[in-house]
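Protein chains: 2
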Amino acid sequence: MTLAEPVASPSSLFQRHQALLEQAVAAIASRGYWSPFSEMPSPKVYGETAADDGKRAFDALLGQRFELNQPGEMGELAPETSPYGVALGVRYPVCESEALIAAAQAAMPAWTALGAAGRTGVCLEMLHRLNRHSFELAHAVMMTTGQGWMMAFQAGGPHAQDRGLEAVAYAWREQSAVPESAIWEKPQGKNPPLRMQKHFQIVGRGVALVVGCGTFPTWNTYPGLFAALATGNPVIVKPHSNAILPAALTVRILRSVLVEQGLDPNLVTLCVTAQRSATQALATHPAVASVDFTGSNTFGQWLIAHCRQAQVYAELAGINHVVIDSTDAYKAMLNNLAFTLSLYSGQMCTTTQALFVPAGGIATDQGHKSYDEVCADLAAAVSRFLSKPEVACAVLGAVQSDDTYARIQEANAGRWGRVVLASNALSHPEFPQARVQTPALLACDAADEAAYMEERFGPVAFVVRVADTAAAIALSERLTRTHGALTAGLYSTSEAVIDQMTQATWRGKVALSINLTGGVFVNQSAAFSDYHGTGGNPAANASYADSAFVANRFRVVQRRYHIAS
Amino acid sequence: MTLAEPVASPSSLFQRHQALLEQAVAAIASRGYWSPFSEMPSPKVYGETAADDGKRAFDALLGQRFELNQPGEMGELAPETSPYGVALGVRYPVCESEALIAAAQAAMPAWTALGAAGRTGVCLEMLHRLNRHSFELAHAVMMTTGQGWMMAFQAGGPHAQDRGLEAVAYAWREQSAVPESAIWEKPQGKNPPLRMQKHFQIVGRGVALVVGCGTFPTWNTYPGLFAALATGNPVIVKPHSNAILPAALTVRILRSVLVEQGLDPNLVTLCVTAQRSATQALATHPAVASVDFTGSNTFGQWLIAHCRQAQVYAELAGINHVVIDSTDAYKAMLNNLAFTLSLYSGQMCTTTQALFVPAGGIATDQGHKSYDEVCADLAAAVSRFLSKPEVACAVLGAVQSDDTYARIQEANAGRWGRVVLASNALSHPEFPQARVQTPALLACDAADEAAYMEERFGPVAFVVRVADTAAAIALSERLTRTHGALTAGLYSTSEAVIDQMTQATWRGKVALSINLTGGVFVNQSAAFSDYHGTGGNPAANASYADSAFVANRFRVVQRRYHIAS
Numbered sequence: 009m010t011l012a013e014p015v016a017s018p019s020s021l022f023q024r025h026q027a028l029l030e031q032a033v034a035a036i037a038s039r040g041y042w043s044p045f046s047e048m049p050s051p052k053v054y055g056e057t058a059a060d061d062g063k064r065a066f067d068a069l070l071g072q073r074f075e076l077n078q079p080g081e082m083g084e085l086a087p088e089t090s091p092y093g094v095a096l097g098v099r100y101p102v103c104e105s106e107a108l109i110a111a112a113q114a115a116m117p118a119w120t121a122l123g124a125a126g127r128t129g130v131c132l133e134m135l136h137r138l139n140r141h142s143f144e145l146a147h148a149v150m151m152t153t154g155q156g157w158m159m160a161f162q163a164g165g166p167h168a169q170d171r172g173l174e175a176v177a178y179a180w181r182e183q184s185a186v187p188e189s190a191i192w193e194k195p196q197g198k199n200p201p202l203r204m205q206k207h208f209q210i211v212g213r214g215v216a217l218v219v220g221c222g223t224f225p226t227w228n229t230y231p232g233l234f235a236a237l238a239t240g241n242p243v244i245v246k247p248h249s250n251a252i253l254p255a256a257l258t259v260r261i262l263r264s265v266l267v268e269q270g271l272d273p274n275l276v277t278l279c280v281t282a283q284r285s286a287t288q289a290l291a292t293h294p295a296v297a298s299v300d301f302t303g304s305n306t307f308g309q310w311l312i313a314h315c316r317q318a319q320v321y322a323e324l325a326g327i328n329h330v331v332i333d334s335t336d337a338y339k340a341m342l343n344n345l346a347f348t349l350s351l352y353s354g355q356m357c358t359t360t361q362a363l364f365v366p367a368g369g370i371a372t373d374q375g376h377k378s379y380d381e382v383c384a385d386l387a388a389a390v391s392r393f394l395s396k397p398e399v400a401c402a403v404l405g406a407v408q409s410d411d412t413y414a415r416i417q418e419a420n421a422g423r424w425g426r427v428v429l430a431s432n433a434l435s436h437p438e439f440p441q442a443r444v445q446t447p448a449l450l451a452c453d454a455a456d457e458a459a460y461m462e463e464r465f466g467p468v469a470f471v472v473r474v475a476d477t478a479a480a481i482a483l484s485e486r487l488t489r490t491h492g493a494l495t496a497g498l499y500s501t502s503e504a505v506i507d508q509m510t511q512a513t514w515r516g517k518v519a520l521s522i523n524l525t526g527g528v529f530v531n532q533s534a535a536f537s538d539y540h541g542t543g544g545n546p547a548a549n550a551s552y553a554d555s556a557f558v559a560n561r562f563r564v565v566q567r568r569y570h571i572a573s
Numbered sequence: 009m010t011l012a013e014p015v016a017s018p019s020s021l022f023q024r025h026q027a028l029l030e031q032a033v034a035a036i037a038s039r040g041y042w043s044p045f046s047e048m049p050s051p052k053v054y055g056e057t058a059a060d061d062g063k064r065a066f067d068a069l070l071g072q073r074f075e076l077n078q079p080g081e082m083g084e085l086a087p088e089t090s091p092y093g094v095a096l097g098v099r100y101p102v103c104e105s106e107a108l109i110a111a112a113q114a115a116m117p118a119w120t121a122l123g124a125a126g127r128t129g130v131c132l133e134m135l136h137r138l139n140r141h142s143f144e145l146a147h148a149v150m151m152t153t154g155q156g157w158m159m160a161f162q163a164g165g166p167h168a169q170d171r172g173l174e175a176v177a178y179a180w181r182e183q184s185a186v187p188e189s190a191i192w193e194k195p196q197g198k199n200p201p202l203r204m205q206k207h208f209q210i211v212g213r214g215v216a217l218v219v220g221c222g223t224f225p226t227w228n229t230y231p232g233l234f235a236a237l238a239t240g241n242p243v244i245v246k247p248h249s250n251a252i253l254p255a256a257l258t259v260r261i262l263r264s265v266l267v268e269q270g271l272d273p274n275l276v277t278l279c280v281t282a283q284r285s286a287t288q289a290l291a292t293h294p295a296v297a298s299v300d301f302t303g304s305n306t307f308g309q310w311l312i313a314h315c316r317q318a319q320v321y322a323e324l325a326g327i328n329h330v331v332i333d334s335t336d337a338y339k340a341m342l343n344n345l346a347f348t349l350s351l352y353s354g355q356m357c358t359t360t361q362a363l364f365v366p367a368g369g370i371a372t373d374q375g376h377k378s379y380d381e382v383c384a385d386l387a388a389a390v391s392r393f394l395s396k397p398e399v400a401c402a403v404l405g406a407v408q409s410d411d412t413y414a415r416i417q418e419a420n421a422g423r424w425g426r427v428v429l430a431s432n433a434l435s436h437p438e439f440p441q442a443r444v445q446t447p448a449l450l451a452c453d454a455a456d457e458a459a460y461m462e463e464r465f466g467p468v469a470f471v472v473r474v475a476d477t478a479a480a481i482a483l484s485e486r487l488t489r490t491h492g493a494l495t496a497g498l499y500s501t502s503e504a505v506i507d508q509m510t511q512a513t514w515r516g517k518v519a520l521s522i523n524l525t526g527g528v529f530v531n532q533s534a535a536f537s538d539y540h541g542t543g544g545n546p547a548a549n550a551s552y553a554d555s556a557f558v559a560n561r562f563r564v565v566q567r568r569y570h571i572a573s
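Heads up: the sequence lines are chains E and C, in that order. Heads up: the first sequence is residues 9 to 573, going by my numbering. Heads up: the second sequence is residues 9 to 573, going by my numbering.
These are computed hints drawn from the structure, not numbers from a lab. The model shown is predicted, which means the values in this text are computed figures rather than measured ones. One or more of the hints may lead you astray.
No copy is singled out in the list; a pair is fine if it fits within one copy or between any two copies.
Said to hold, decoys possible - Pairs of lysine to aspartate or glutamate, DMTMM-like flavour, derived with a Cα cap of 20 Å:
(1) Lys339 with Asp385
(2) Lys198 with Asp476
(3) Lys396 with Glu457
(4) Lys63 with Glu47
(5) Lys63 with Glu75
(6) Lys63 with Glu188
(7) Lys198 with Glu47
(8) Lys194 with Glu47
(9) Lys52 with Glu104
(10) Lys396 with Glu438
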């Protein structure tokens with residue numbers, strides 16, 4: 009807040025941001041292109057000093073204690089290690105779970121009493137404030153996740169804010185569809201009507217726990233965070249132990265907005281803990297009414313099985329895949345796929361893991377290509393795309409986890425198939441300690457299900473030889489139904505094949521990208537237009553964002569009494 | 009269909025009923041009084057011969073095989089016994105679960121392809137057709153559940169149809185908020201924009217199982233049935249083994265509409281089985297994607313625990329209760345409560361079970377009344393209300409189950425408290441075998457939690473002595489949070505008390521009726537206005553009806569591809 013901008017009340021915040029909200033509500037109704045938060049880290053948009061200010065603010069955090077003034081502090085932790093090899097050393101307060109829950113519950117009644125419009129106004133101000141911290145957040149995302157700078161800025165900043173706003177828009181649409189009151193007047197023939205006054209109070213379900221992941225600590229956290237907040241729930245954010253800083257900055261910004269509004273900052277708190285058991289105890293606490301989770305199948309399924317007291321919104325792992333039947337733009341197809349496989353070293357939940365290619369090869373604008381030629385040509389396209397080190401490092405970023413790093417070594421060793429392209433280690437000009445790895449491409453047969461039908465998170469992809477296109481589509485459907493997928497792709501010049509694949513994705517419930525050859529990639533999901541996950545296959549039980557993502561986070565409690573006829 | 013009414017296509021059905029749909033959508037937005045299906049069994053509304061026709065149609069069913077022409081028939085069952093002692097003897101086909109599921113799955117693609125408008129048109133026609141069968145349905149409801157005639161007609165016919173329409177309206181609102189397609193055009197500075205065509209396909213989650221209860225076989229079945237159908241899912245209706253006929257009639261009517269539309273009638277089937285294990289196997293079948301259930305906590309909790317593959321929408325048991333603090337209309341209050349306790353012998357999921365009265369008594373317009381006086385006066389009000397046998401039999405109906413009958417005997421024996429009013433058996437002038445019982449009223453102390461803090465379904469109510477009003481409100485909240493409640497009531501002349509109770513119901517999430525002294529009763533819940541259940545306490549995890557009741561029954565599957573700039 010500048011001095012020229014006086015502190016507003018929640019209702020005036022609603023008015024201040026009402027035009028933005030109305031645009032957002034229009035956007036979710038039409039789902040064309042719309043993005044209110046600029047993805048270009050430009051001084052014209054963010055201010056001449058924003059980049060420097062953000063970098064300075066980030067640097068000032070390193071090696072320091074991160075103050076949040078939360079209740080129940082009982083120690084501190086500094087668990088993060090940067091994939092870029094930079095020393096982070098930020099020390100976070102560790103708070104007692106019970107203290108965070110009690111504080112969240114204490115903050116809830118005033119948040120409920122604000123009403124949907126008041127809460128929405130505060131959430132919109134929070135998003136506005138997050139946007140102004142985009143550079144600082146981008147550095148935090150980059151250094152904790154290993155993303156390249158541009159991705160860290162875009163996905164960590166404005167795109168995450170877009171997804172947060174999308175959730176707020178859905179929450180507002182659903183809540184504003186509930187009337188605050190009604191007069192119920194039932195005719196009684198010749199007698200006076202029965203008349204009752206009714207009031208409909210929106211109340212949140214209770215304390216929301218939002219568990220973040222190590223790769224997209226804001227993009228995958230903001231939808232649940234803002235959906236829960238806007239619908240009247242206090243939120244405890246539990247970040248991944250290696251990507252705390254982006255969440256901690258977010259929580260601090262949100263708490264500052266709450267304080268400015270005269271609201272209890274403990275409506276939003278950060279939970280840092282070294283033990284999974286502590287997270288499990290928190291997630292199964294009777295007061296926790298919802299859990300948003302992004303991460304591994306193992307822990308996600310544990311949450312779904314054990315958090316019986318809570319609504320669980322989970323994005324887990326899947327086997328994203330592309331069916332290649334034919335193309336009239338072979339080179340563009342290969343380049344498009346090469347970019348997808350390379351971006352952030354395949355560490356996106358939407359990255360393609362398996363490419364299904366008919367054993368008999370495919371028809372292309374460059375003539376027939378055998379299965380082996382497709383393998384070789386895709387490998388060449390990846391190598392060509394990453395041939396300039398500065399491009400490669402910017403696109404690949406760094407490998408986030410030791411597990412992913414180990415998987416790369418296994419892939420290179422040929423454990424899961426013939427190595428078509430080995431993953432190479434690159435040295436980063438700016439960060440000599442960074443773990444930069446190019447994608448590994450393996451060839452295997454459709455029958456080798458143990459190889460490709462398990463998530464191999466990171467830069468490991470399979471060119472799977474299938475009998476024919478029909479078998480590839482059938483495999484796609486079966487794989488989606490049994491293992492889940494967030495994205496599916498198809499390359500085909502045949503309308504019949506496109507139609508068959510389309511129908512298969514309706515049954516399997518996975519989003520389909522068809523013939524991507526230009527500047528859009530199967531692993532990209534744009535807020536306000538692309539539904540991220542369908543919530544209908546094992547990769548995710550919810551979608552960013554739709555009505556179902558918000559509608560069950562609040563309940564309506566009515567009261568009624570007679571009034572005079 | 010009369011000959012003058014030609015068979016319409018689904019889209020023309022949508023147009024035919026569009027005005028009704030628009031009214032319904034307006035009604036759920038305002039939630040004032042609205043009821044499109046007349047609750048008066050009047051010849052002016054339903055036709056001069058409707059009553060006779062309905063009775064004749066019902067009589068013609070007795071002792072006969074009920075034909076449905078479903079797949080997988082492997083025998084028949086006739087398990088129903090009428091609480092009125094009338095021989096029913098209707099024999100229903102028993103079908104293999106796998107056959108019903110396979111047939112449901114086969115019927116789904118065409119239903120999906122119809123789109124939201126086509127499906128909605130068919131659902132509206134189904135409701136219209138059900139309404140025309142209201143008399144026949146009413147007899148079936150009355151004779152299987154023991155409801156009195158007027159309740160059977162209203163709750164079993166038009167009120168159930170209202171609830172079905174309410175679900176269709178929510179389903180339409182949510183589905184029509186999803187655009188069918190969009191053009192996504194992202195600016196690229198000086199370059200041509202990126203342009204993509206996107207399509208958003210609504211697909212149902214999969215086979216829906218709707219499990220009915222023995223007391224309201226249509227009212228509690230239609231919301232889930234129509235919510236699932238409208239959102240693109242095939243439905244298998246599994247009625248309570250003693251209330252099959254209303255469900256069987258419903259299914260037959262729906263199937264006839266489907267056949268008329270050239271659709272596969274196996275989109276809606278009836279599952280009759282003698283074994284709970286068969287229902288369990290069906291509910292946990294991998295193809296079953298949602299389960300709607302009304303009934304006991306035991307089976308409901310089993311479903312929630314075991315149907316991990318499905319969304320479960322459950323209305324279970326709760327401890328409905330009323331706090332009596334003070335009143336300025338003592339006699340009217342007692343009469344209102346007497347009606348609530350008597351109606352259908354308390355066999356409504358909304359009937360008050362516990363009345364909390366301060367140990368020091370209450371202030372009334374007739375002076376101070378001690379706890380004992382309140383007990384005695386309420387007992388007298390019940391006795392007075394039921395003093396005319398014809399009124400008593402019409403209001404009480406008959407006792408539906410042996411379990412309820414046994415509970416009444418236990419109550420009369422003083423097992424759970426001092427008997428303030430014993431339940432009497434009345435003889436029904438028309439049905440000599442009918443089990444008609446007046447309410448039992450027991451007095452106990454708040455500390456006797458084992459007595460009143462467990463559902464005693466049927467005509468057994470407790471006047472619970474609490475320390476004071478504050479203790480009563482605290483008890484109400486605790487009871488709601490731990491055991492659940494569908495309804496809560498309050499009598500008080502104090503604004504402060506009303507406010508305290510209101511806040512407690514926000515925390516406990518239970519609907520509150522305040523100072524009901526006229527022609528509205530705490531156990532009544534009007535479609536389009538009253539939310540039935542909040543879905544936020546243990547008595548129910550869903551509400552009739554709100555967005556959350558429909559929004560997660562379908563998913564959106566998108567596809568996208570480049571288009572020229």
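Hint check results:
Taking the shortest Cα distances, Lys339 and Asp385 sit within 20 Å of each other inside one copy (9 Å), while across copies they are farther apart (89 Å). Neither within a single protomer nor between protomers do Lys198 and Asp476 lie at most 20 Å apart by alpha-carbon distance, with minima of 75 Å and 42 Å respectively. For the homomeric pair Lys396 and Glu457, neither the shortest alpha-carbon distance inside one copy (35 Å) nor that between copies (76 Å) is at most 20 Å. For a Cα distance limit of 20 Å, the shortest separation of Lys63 from Glu47 inside one copy, 17 Å, qualifies, whereas the shortest one across copies, 69 Å, does not.
Proximity of Lys63 to Glu75 under the C-alpha cut-off of 20 Å is restricted to the intra-copy arrangement: shortest distance 19 Å within a copy versus 76 Å between copies. Taking the shortest Cα distances, Lys63 and Glu188 never come within 20 Å of each other, neither inside one copy (46 Å) nor across copies (43 Å). Taking CA atoms no more than 20 Å apart as the test, Lys198 paired with Glu47 passes between copies only; the shortest distance there is 16 Å, against 65 Å inside one copy. For the homomeric pair Lys194 and Glu47, the shortest alpha-carbon distance between copies (12 Å) is at most 20 Å, but the shortest distance inside one copy (54 Å) is not.
For the identical chains of this complex, Lys52 and Glu104 are neighbours neither inside a copy (44 Å) nor across copies (68 Å), given an alpha-carbon limit of 20 Å. When the C-alpha separation of Lys396 and Glu438 is checked against a cutoff of 20 Å, the pair qualifies only within one copy, where the shortest distance is 15 Å, while the shortest distance between copies is 94 Å.
Of the numbered hints stated above, those contradicted by the structure are hints 2, 3, 6, 9, listed in ascending order.
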